[in-house]
Amino acid sequence: MDTVLLSRWQFALTTLFHITFPTLTMGLAVYLILVELLWLVRKEELYFRLYRFWVKIFAIHFAVGVVSGIVLEFEFGTNFSRFSQAVANVFAPLMAYEGMTAFFLEAGFLGIMLFGWNRVPRGVHFAATCLVGLGATFSAFWIMSANSWMQTPAGHTLDGGVIRVADFQEAIFNPSFLSRLFHMLAASYQTAAFAVAGISAFFLLREEHVPFFRRSLALALGMALVLSPLQVFLGDHNGLVVARHQPAKLAALEAHWETNTSGGAGFVVFGIPDETEERNHWELLVPNMLSLLITRSWEGQVTGLKEFPREDRPPVTPVFFSFRLMVGIGFLLLAVALGAGVLWWRGRLYQSRAMLKMLVAAQPLGFLATYLGWITSEVGRQPWIVYGVMRTSEGVSPITAGTVLWSLCVLVGVCGVIGASYFWYVIRTLRAGPDMRSPIPPLQRPAGMRPLAGAESQERTGQALV
Amino acid sequence: MDLVVLWAGLVALVMILYVVLDGITLGVGLLFATAQDEPEKDVLMGSIAPVWDANQTWLVFGGGAIFASFPVVYGVLSSALYIPLVAFLAGLIFRGVAFEFRASGKKKAPWDKAFFLGSLLAVFSQGLTLGGILSGISVKDLHFSGGPFDWLNPFSLMVGVALIPGYVLLASCYLLIKTSGAVQQRAFTQARKAAWGVIFFMGVVTVWTPIHYPLVMTNWFSVPRIYYVWAFPVFGLACFLALLGSLKAGKEKAPLAWAVGIFLSGYLGLATSFYPFAIPPTVTLWEAASQRETLSFLLWGAVIVLPVVVAYLVYSYAVFRGKVGREFYAH
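Chains as they are written, first to last, in my numbering: chain G, 970 to 1435; chain A, 767 to 1097.
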């Protein structure tokens, strides 16, 4: 194992670990904003209880996201210092702006969001929630811009080994940026919506806190119904951008070897790519489909992998499968959202145990699709660290492989311990269920508040008597 | 004014803000070991729970700002100080998650330990990185050219230990403001002891640094530095005496100001002895800086965004001013 491979593994594993948390918090922030807005407007106690329950899950994810994110920021320097020093003129200000505009905003108002109930009035608390959500979105803006610049660099000039900036606007709004930003934001909102929906469905199956989790599920399903079709559209658009700007990457994730000269290119539904023989085994092909998807015409030409020298091709097998799985999950989530939506419309969702079970099963799929998407995107960029400009092997730090092996072991150990504990505490917090009893802080109690009705309030008086 | 010098000043300002603010947070982590019972631990954690993330964010921004304004410093130091940096990050991870995990579970003991040990590891490795920089970094063609253990020597180990009383001092002075009763009484004693520890180690650093690293000696005793370099230890000593006085008088707020003064004296003393080098002894600020357009693009952010950031951070601190109560613990 050499420094390059070990550094790539370390960065990949720490990134995948990290992305779990912001993916949920960005989306859950939107959900919380929605819930708190309803609480402000409708003054139903149920919304206050909903907020207090989900914000606990938010806080745990936020904490792990923050500390794992710091590691990533320093890994650019510790493991890819040659890359960092070469691209800093263009790339690094985006990181600095992320700190200035996003992290401070989140950190500054998170305290109020979590602990401010007795200190600030309702409106200020709501503003704090919105600002934390805004900070998370700014963070996505800068990070997706920086990462997209590595995929489709623009606005720079080459000056020896150093990249100099020519135009910041072009660099920030590089060709793939907006498409990838919206794809990631939608992924995050969708993941959070299905996470909340799945957990709510779990409680409904056990018939615990029924009115609470019905409302919780309904709101999440609303989000999922908007986002799931949108994500299919955004994902398709993203594919077109990859085809236009990163043709070798597109050919690899479609396992498309030969440029079609006569007739349309077929879409490989399944196959085992063979990189030495440059073909697929056990190929299942839909004729003309790839041409149709990429060029929007029946026989449009799609460049094959053989057009690129072997040393400029990404590894085909991992991206071919990760891409197919991600797309499959995307359509599966769309089907689940539509199915649940129809039942909801007919008023039969909460009685359908089969649908509720399906929502529980779909709960982790958003996270899985996000991991697969990042694997597709980053492995598909190889062998470049900056597409077409700098190779990954030229970007690593001048350090020994042994040092990286050591840190890889340390970080895998740390992420293992933190990941296991995180899982344990999330399950614990969920199992404890919502707190329907503790008094609402006076500052938060609006005039004309509508207290809990029915089963929940009976439960409450019952508890109070005990 | 030269953009490079301006950015060197800004980065220095951000770094000292980080050192003081997260120094308080990390120091509370160190003092966590002295809490007598569960309610006291809750008070210690509650004193920083709403602000620790904001305090730590100065590191994240500082890292990004150095990356963007002095990429050579960012790249070379990260490679050179790889091992202590990874240890530092591991410590920060355990320290950071302890806030949430401790609040979420019934069994608090493992996260009590993680909070203390994570803080200790972060503080000690921070000292190692500082000691490593003060030991000289091998650079060739603006890239690191040394080995993985270049930072390891008795001097850097001493700096690692020296930071412990330093952060305990900041934290105990902060706790004077945020707590009352037994915790506050203990903080008075802890602050006094830590102050003596700090002044001892500052003496050691002042004598040992020029011996360990001759460049500092040459710099200190050359014109024009020789005219003012003595002012830093004098200022530090004055702050130390004022600190002892205010502790004796039972003041709650003044000690923190004097403790920050001591930190400033040491920080400025070290910083001036290195100017104009970004990575002593070879790379100057101008060689390490990014291109002019990048620096001015960043400056827009610093001029427009940072004042807003400071304003709402002050607001956030103001929301949580006063003695800490139970409310900061469960959310």
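Hints are computed from structural coordinates only; laboratory data are not their basis.
Here the structure is a predicted model, which means the values were calculated and not measured.
Please note: incorrect hints may appear among the correct ones.
[Unchecked claim] Between beta-carbon pairs, the in silico distance windows are:
1. G:Glu1246 <-> A:Val1071: 50 to 56 Å
2. G:Arg1400 <-> A:Val771: 53 to 59 Å
3. G:Pro1408 <-> A:Ser1062: 50 to 56 Å
4. G:His1250 <-> A:Gly913: 45 to 51 Å
5. G:Pro1420 <-> A:Gln802: 25 to 31 Å
6. G:Gly1130 <-> A:Val1071: 54 to 60 Å
[Stated by the list, open to error] Going by beta-carbon spacing under 8 Å, a handful of chain A positions derived as facing chain G:
7. Pro805
8. Gly830
9. Ala831
10. Ala834
11. Leu851
12. Leu855
13. Val905
14. Leu908
15. Phe1040
16. Ser1062
17. Phe1063
18. Leu1065
19. Tyr1078
[Unchecked claim] A short list of chain A residues far from chain G (calculated; beta carbon distances all over 12 Å):
20. Ala801
21. Gly947
22. Gly969
Glycine included, every Cβ here is placed at the ideal spot set by N, Cα and C.
Against the structure, the hints come out as follows:
1. A beta carbon spacing of about 55 Å between glutamate 1246 of chain G and valine 1071 of chain A agrees with the range 50 to 56 Å that was offered as a hint.
2. The supplied range of 53 to 59 Å is met by arginine 1400 of chain G and valine 771 of chain A, whose beta-carbon atoms lie about 57 Å from each other.
3. A beta carbon spacing of about 54 Å between proline 1408 of chain G and serine 1062 of chain A agrees with the range 50 to 56 Å that was offered as a hint.
4. Distance hint check for histidine 1250 of chain G and glycine 913 of chain A: the Cβ-Cβ separation is about 47 Å, which falls inside the suggested range of 45 to 51 Å.
5. Taking 25 to 31 Å as the suggested C-beta distance range, the pair proline 1420 of chain G and glutamine 802 of chain A does not conform, at roughly 41 Å.
6. As the Cβ distance of glycine 1130 of chain G to valine 1071 of chain A is approximately 32 Å, the hint placing it in 54 to 60 Å is violated.
7. Residue-level restraint check for proline 805 of chain A is violated (minimum Cβ-Cβ distance to chain G is 17 Å; threshold 8 Å).
8. The restraint placing glycine 830 of chain A at the interface with chain G holds, with a minimum CB-CB distance near 4 Å, inside the 8 Å limit.
9. Annotation: alanine 831 of chain A was flagged as interfacial toward chain G, and the flag holds, the nearest CB pair being 5 Å apart, inside 8 Å.
10. Of the supplied interface hints, the one on alanine 834 of chain A holds, with its beta-carbon coming within about 4 Å of a beta-carbon of chain G, less than 8 Å.
11. Here the hint on leucine 851 of chain A is kept, as its CB sits about 6 Å from the closest CB of chain G, short of 8 Å.
12. Residue-level restraint check for leucine 855 of chain A holds (minimum Cβ-Cβ distance to chain G is 5 Å; threshold 8 Å).
13. Checking valine 905 of chain A against chain G by beta carbon gives a least distance of about 10 Å; that is not within 8 Å, so the hint is violated.
14. Using the Cβ-Cβ criterion of 8 Å, the hint placing leucine 908 of chain A at the interface with chain G is satisfied: the shortest such distance is roughly 7 Å.
15. At about 20 Å, the closest approach between the beta carbon of phenylalanine 1040 of chain A and any beta carbon in chain G exceeds 8 Å, and the interface hint on this residue is violated.
16. With its C-beta approaching chain G no nearer than about 10 Å, serine 1062 of chain A sits outside the 8 Å limit, and its interface hint is violated.
17. Against a cut-off of 8 Å between C-beta atoms, the interface hint on phenylalanine 1063 of chain A holds, since the closest Cβ of chain G lies about 5 Å away.
18. Here the hint on leucine 1065 of chain A is broken, as its CB sits about 10 Å from the closest CB of chain G, past 8 Å.
19. At its closest, the beta carbon of tyrosine 1078 of chain A sits 5 Å from a beta carbon of chain G; the interface hint therefore holds under the 8 Å criterion.
20. Its beta-carbon lying about 20 Å from the closest one in chain G, alanine 801 of chain A satisfies the requirement of being farther than 12 Å from that chain.
21. With a minimum CB-CB distance of about 21 Å to chain G, glycine 947 of chain A clears the 12 Å threshold, and the non-interface call stands.
22. Separation of glycine 969 of chain A from chain G is adequate, the least Cβ-Cβ distance of about 32 Å exceeding the 12 Å criterion.
Violated hints, listed in ascending order, are 5, 6, 7, 13, 15, 16, 18; each of the other numbered hints is respected by the structure.
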